[in-house]
Each structure stands twice: as structure tokens, then as C-alpha cells.
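Visitor: These protein sequences, in sequence, are chains A and B.
For my numbering, add 1181 to where a residue sits in the first sequence, where the first one is 1.
Counting along the second sequence from 1, when you hit position 283 you're at 270 in my numbering, and nothing is skipped either side.
Don't take every hint at face value.
[Stated by the list, open to error] Once the Cα atoms are required to be at most 35 Å apart in a straight line, the calculated DSBU-like pairs of lysine-lysine come out as:
1) 302/B - -9/B
2) 507/B - 19/B
3) 1331/A - 153/B
4) 248/B - 223/B
5) 460/B - 229/B
6) 206/B - 223/B
7) 1331/A - 302/B
8) 97/B - 1234/A
9) 156/B - 97/B
10) 64/B - 240/B
11) 1331/A - -9/B
12) 302/B - 19/B
13) 507/B - 206/B
14) 229/B - 507/B
15) 19/B - 156/B
16) 149/B - 1331/A
17) -9/B - 126/B
18) 1331/A - 507/B
[Claimed, not checked] Part of the chain B face toward chain A, derived, beta carbon under 10 Å:
19) 184
20) 308
21) 343
[To be verified] Derived CB-CB ranges, DEER-like:
22) 174/B - 1255/A: 43 to 53 Å
23) 67/B - 1276/A: 26 to 36 Å
24) 67/B - 1273/A: 24 to 34 Å
25) 302/B - 1322/A: 26 to 36 Å
26) 1312/A - 173/B: 46 to 56 Å
27) 275/B - 1312/A: 35 to 45 Å
These are calculated hints, taken from the structure and not from any lab test.
Just so it is clear, the structure is predicted and the values come from calculations on it, not from any experiment.
The C-beta atom is built at its ideal place from N, Cα and C for all residues, glycine as well.
Here is how the chains run, residue by residue.
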Amino acid sequence: MTTLTANRGLRGNALTRRQLISRSFAASAGMIIGAGFIAAPDAAWAYEATTLKPETMATLVRMARDIYPHDRIADEFYVIAVKGYDTAEAAPGVEAGIAALNAAAQGAGHADYLSIGWEDDRVALLRGMENSAFFQQIRGGLVTGLYNQKAVWPIFGYEGESFSQGGYLHRGFDDISWL
Amino acid sequence: MVAKFELDDDSVVLIIGTGSGGGVLANELAQKGVKVVSLEAGGRYMPEDYINDEWDSFAQLAWTDTRTTSGDWRVAKDFSGLPAWIVKAVGGTSIHWAGASLRFQEHEWKPRTNYGHVTGANLLDWPIDGAEMAPWYEKAETKLGVTRTGDRPGLPGNNNYKVLEKGAKALGYKEVHTGRMAINSVDYDDRLACQQTGFCFQGCKWGAKWSSAYTDIPKGEATGNLEVRDRCHALKIEHDDKGRVTGVLYADKDGNHHFQKARVVCVAGNSIESPRILLNSASSMFPDGLANSSGQVGRNYLRHVTGSVYGVFEKPVKMWRGTTMAGIVQDEARLDPSRGFVGGYELETLALGIPFMAAFLDPGGWGRSFTSAMDGYENMAGMWIVGEDMPQETNRITLSATAVDQFGLPAPNVHFDDHPNDIAMRNHAYARGEAIYRAAGATRTLPTPPYPSTHNLGTNRMSENPRDGVVNKHGQSHDIPNLFISDGSQFTSGAAENPTLTIVALAIRQAEFIAGELSKQNL
Ligand SMILES: Cc1cc2nc3c(=O)[nH]c(=O)nc-3n(C[C@H](O)[C@H](O)[C@H](O)COP(=O)(O)OP(=O)(O)OC[C@H]3O[C@@H](n4cnc5c(N)ncnc54)[C@H](O)[C@@H]3O)c2cc1C
Ligand code: SF4
């Protein structure tokens, strides 16, 4: 398994939630972090990190959500949006960036970024590093990484391609009824 | 039968670019029996090739050669390598365009006279006026099939339009309608009526919207007088020792260089590339670039005062359904300096999909303020501001001292600073746009900054006096009689209207002039 899988667990073996938790060493901020992987608490998806440390990956996913928080969008889509950084070329910069983020969290009296409970407190740290190349790289990448996923479009109501269905001429281009 | 001309055939008219200006000129000349070679940097894509997907379409069609930016405009910060959003393909930006087709208002042909002296602005009257242009506008409207002109009916209004209309009428605006659009409201010119698919910016897959890609270009080719060489990038215009241009050096798709001889050269590469080609063609006889004795080549870059306003409502609008530019409010296009600025602006509906909305709603923005707006996407209506900006000598295209393109030629730098008049107009338009949506019930309004330039104008401007501009009233360069400018770069001023109808009208008029001069042996 290289990418996200829907309850197919790691390396293709379907793992139950219990098995996942037994192999994990942290369950933090809504994600399970294990040796080489992160996963949803209900094991709906799991991502095996190839280069990044799993804690780094989990922190990156949380950072991504804090930059573009959509409460109706599941973590899975944020994982897809940032998994491109899990490569030999990108990983050193991301490890350094996340280390700096954790250092900032510690400077503010927290154990690390993931352990901060309120979004506002995490966002305050992000505001402090908003002009850094790392922050801008992650934010800029998310603009397409998150919003160009066809699977998230329906969450916004966006219908995407319409030509194959003959456009909206007979499918409600002028169906507004509340005006 | 598609023509094929020899490289050493010096009887041809060579046109650089096949967009709104170059594509129309090529067909009009070919219809008159003039032999034409068109060089087009991009490839050929037809309606079946267009993609109903914003980023995939961008990758297919957009001009993404190296460009740099400077100046205080926000685009230089947000999209520093992408000053303009235009197309590299046969058909040029007429594939992307939304189709709004408006004539200039009478007073806009003479901005220096009618606006007076505006500090910092390099205003100049056009050497032509509305009476001169009326018959050419009519030909252009017939060619493009513009709705609400001739006997062509208007388009039906989509949801986005209905919201605009409701708010605008509530505020007392009178000139509110579904626009004059180069989009078929009924079948016309062997093309279908609009199917309301949306995605007008990504190329109309039904061919309901006019684009030179599938109208003028194939019609010109059918005459046997037009050869279009796609994926052929013009590098340099050459001249003889009498100072007349002799042809164009270009690179084909494999990067091989060729020289096409020509009797006349017409430049229609859009307002960044056109001056760049002239500047990159500098020689010992013309050290500042071709046709540049006035020093105005590349200057007075215009991009319209733009910006968008989105409104979020309690209930769904689904603005992406149907024509992208589905309607207009024209009342603010008038000249009324009591508003605190000269010139006027139009308000036109606009819709973006989720991918482009994320990129353009508030570039660089993040956090809940941004994402809660995105969460309101389904309930959003959108409009775009297009108003007259002030020509400034310092807003200009120059050759970069450091950046080069894929051919090793200096890349263009696009410098733009907003003029105080531009800022006053934009702020006025934001306020009116927000008021319109509030009047229609919006719970939130979003004044959105300008996108990379879609209307690029003015960089080889028309002038009566050779001292003030680059070309005369026929688009013929003041300095070199067989060198013409055939795109929006010949605009002396921008007016409040979307430019393409005027580009097309000028191209039809120029074809008549060139054909006449050729037959009189003047060229
Ligand atoms: C999203 C969008 C929406 C728009 N909506 C409207 C609208 O509703 N109404 C309106 O009036 N206008 C609209 N416009 C603007 C309109 O598309 C342009 O003003 C118009 O197409 C410009 O025509 P042009 O001939 O100057 O350039 P283009 O149409 O851009 O054509 C220039 C051509 O020259 C080619 N070229 C450039 N350099 C070279 C070279 N060195 N060698 C060979 N070929 C070269 C390019 O590849 C291109 O094909 C819109 C534009 C965009 C991007
Ligand atoms: S909405 Fe109409 S004009 Fe626009 S792309 Fe669809 S069919 Fe073409």
C-alpha cells in the first residue's frame, strides 16, 4: 500500500481498529500514529509514510486542516493533499518545517503542535510563521492539493463537468426558486 | 483546400498569432484573395478537445512561457510569474473568452478631450471615432453572432443572472439584461445554441460561443489562401536596409529555425507578446526595437480596472450552471466625474468552479475567514468589474535583463501600478457590487482582488501623431509602412467595455485597408 486505502489497512492486510491501535504508539488529535503509518481512529483509512516520520505526517495533516479548515471534509482528503511531500526530495524540508512548528509550540508552553487542543492556539502559531517559505509551500500546495480533488467537490455542492450530461439547459440552469 | 506557401514566397502577408485579432484578419484577407501565412505558437484544439475542468484546461491552453512582473498591483505578489491569463493555441484567447461583446461609448474614443488632463495619465484621443467604427462594429456583430444586436435574441438568464438582476433593479439600476454576447441564443452560422454547460472559459464544447479557432480559421483555410502553421513561434521580425520588414524568423515545434519571407507583417500576439516581438527585433537601424521612434512600444499597458464581488446567500444559487458571463449592469459605465473618477465600469456576472475559486477568491488567504467563504460556495453569486483604467507611460512591457524564455530570448517583464483613478473606480465598484448583492439578500459579500490580466491592451497604441504612439488609424506602424499591429495592443485607451468586439471590428477594417493598399501596389 502506498497511498490511502479505505479500510484495507497497511500493506493490503485489512486491519481492525483494535489491531491498528495495538500497533500504534500514539493516538493524537483524532489520528492514530503507528510505526510508519497514520490512520483514522475508526480505521476507515490508513497511510503508510515512506520517508516522513509518521508523527511528522500527522502534524502536517493537522497543519493542513488548520490552514484550510473545513469541518465537513474528512482527514483523508487532507492526507491526500499533502502526501506528495512524503518523498526523499521533499521530506528533509518538511521535517525541518514541522520541527520549527513544534519548537514554536514548545515556546508557547505546549508539548508539541499536535497536543494543542484549540484551533485558535494552533493558528496563532501558524500566523507567526506565515511568511516562512515552509508555510507558503504547504499553503500554496493545498490550493490545488485539496480543492482540486474531484472527491471533495460534492461537499461544496460543486457539480464539475457537465458537457457529458448535456449541460444545464434542461437540468436547472435557471431553477432558483427562493429569490 | 488548405494552402501551402514556400518560405521564400515574398508575396504573402504574414500574421503572428491566430486569436481574436490575428485569426479574424487572416480569414478576412483570405476571403479577399490575399495569400496569408499565419504563425501560431500554440497547437490546435477543437471543441471535442476542450476540457470541462479548470486546471486541466489551463494546462492544455494557457500561455505559461516565462514572464516576470513588477509594480504595486497585487498580481505581482500573488501570481508573480503569471501576469496574464491568456491562451497559446490556434484561436488564441478567443477560446477562453466569455463572449461579452460591447461597443465603445461615443465619448470613450476621445478620452483626452472628454476627461481633460488627469495627473499621471498619458491620455490620448483615438484617431477614429464611433461614426467611423459603426459599420465595422456591425460587421463584427454579424460575424460573432452577438445577441441583442441585429435581430438576434438575448440569452435566457441563469441563476447567477437572476440574483444580479434582482439586486440591481432593487437599487434602481435600469440597464440590466443578459448581455450582448457572442454566444448563440439560437442556432447561428452552423453552430448550436448555448446548452448552458458553464465552462465558457475552458472552451465551448458545443461551439455555441464564437472563437476564431472553429470559425474564422477554418473558413479562411477553406479559401485556399490561408496556411496556418501551428506550434510555430515567431522570434524576430527582420528588415532590409530601406527599413521595410522582409519576413519573420520562427522556431517550429522541434525548435528548428525557419525564415518566412513576407510582403507585409502583421503582429497579433496579444499585448504582452506583440511589443516584446518588436523589442526583441531591435537592429542597428532600429536600436530601440521596431516601430519605436516614439518610444511608446510596450508603454501604456492597460488591463482594465477589475475585481470581483461574490455574495453568499441563505439558499443555493449554483452560479456555475450556465453561461459564465450571463448578464450585465451598464448604468455605471457612463462618464460622471462626480463619482470621484473619470471613465466608467460595467458589472457582469462571473462564476468560477471550486478549483479556481480556491486560487482566486483571496490569493494567499487562509484560515476560517477564507474557508467559511468557500463553504458558502453553493450559495454564492458572482460578478466581475470591468472599467476603464488610465494609460500610464510607466506601466509597460520591457525585456527582462535576466529571465529568458525557452528560446533563449529575453522574457517580458510586465510592470503595473494602479493609478489613483483606477483605485477610486475599483472601490466605487466594490461598494456598488456589494450593495447589489445585499439588496438581493446576501448575508456576506466578498470584494475579491483582480485576477491575472485577461484584457491586455495598449502597448502599441494608435495615434494621429507619430510622436504619441506606434501605429496610425489603420494599425499601420508610423515608422515602417509594411508592418501592422492587429490586436488589442493598438488600443489608444481601454474604455469600460470588454475589448474583443472592438479588436475584431478593427481587424475587419484593417483587412479592407491592407487588401486595398496591396491592390494599389502601395505595400
Ligand atoms: C477568461 C477570459 C475571459 C474573457 N472574456 C472576455 C469577454 O467576455 N469579452 C471580451 O471582449 N474579451 C474577453 N476576454 C479577452 C479576450 O479574450 C482578448 O481580449 C482577446 O482574445 C485578445 O485578442 P488578441 O488577438 O489580442 O490576442 P489573443 O486572442 O490572445 O491571440 C494571440 C495569439 O498569438 C499567439 N502568439 C503570441 N506570441 C506569438 C509568437 N511569438 N509567435 C506565434 N504566435 C504567438 C498566441 O499563442 C495567441 O494564440 C477574456 C479573456 C479571458 C482570458
Ligand atoms: S454555457 Fe453556453 S457558451 Fe458557455 S460553454 Fe456552455 S454552451 Fe458554450
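Visitor: For each hint given before, does the structure comply? Return the numbers of the non-compliant ones in rising order.
Guide: 1, 8, 11, 12, 15 and 18
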